[in-house]
Amino acid sequence: MDDYLILEEIEARYAPDWVLIDEPQTDELQQLLGGRVVDRGPDRDDLYRKAKALGLHHIAVRKLGPWLEDLVLVL
Amino acid sequence: MRTFSFDGQRGPIIVSASVSASASGPADSHEFRLVLDTGATVTTLEAKLLEFLGYDPDASTETVQVVTTDSISTRPVVRLNRLSALGKHRLGIPVVSQSFPRGVKIDGVLGLDFLRDGILSLGFRSGRMTLS
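Protein chains in written order, with the numbering used here: chain H, 2 to 76; chain R, -1 to 130.
These aren't lab readings, by the way, just hints derived from the structure by calculation.
This one's a predicted model, so the numbers in the text were calculated from it and none came from an experiment.
Hints are not guaranteed to be accurate.
[What the hints assert, rightly or not] Derived CB-CB ranges, DEER-like:
{"id": "1", "chain 1": "R", "residue 1": "PHE122", "chain 2": "H", "residue 2": "GLU29", "range": "21 to 29 Å"}
{"id": "2", "chain 1": "H", "residue 1": "THR27", "chain 2": "R", "residue 2": "GLN63", "range": "33 to 41 Å"}
{"id": "3", "chain 1": "R", "residue 1": "ARG123", "chain 2": "H", "residue 2": "GLY56", "range": "45 to 53 Å"}
All C-beta atoms in this analysis are idealised placements derived from N, C-alpha and C, irrespective of residue type, glycine included.
Please model the entire structure based on the sequences and the hints provided.
Structure representation (structure tokens):
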């Protein structure tokens, strides 16, 4: 799970989980390009605990998968 | 001036962003996604994200009243070292700490406080936006 993957590979392998990405690479517009997936799971909180336990310094935590068609936002 | 793409035909407008940790935090920075919301007066970030970066919303003495569609609640405010999005950097910006439902794939809301000194252009047909 420690190989560098581009975002499309991460989506294909791990959707619809949350993933913890170490040393995420971004473009000049700050859009995520890829990184090393160090953990995955259904719970975001678990990934933050893992990141702390591993002492990671630069991370992304990302929910994978498409935006649900029947999910709307009223903020 | 940089141009950003978004899906103008469906779903929310998602903005890539990053935040720097506080000096006492265990991490340096975090890449995440915010929903652009011109109806929100302030920027809001997921509480767990803030805690990971070393901010302590529960210890904050600064609070605001947050009005949503069905409630008014008091929420803590923390001031970030740096918040970056849409090619802009805001130093010392206050953000509201909020917990979002687990199944929702966003980490917060980018509100008017981040946008106020700029010109925001949204092209829904072209799926392009700029903040100058």
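Handout entry: Broken hints, by number
Key = none
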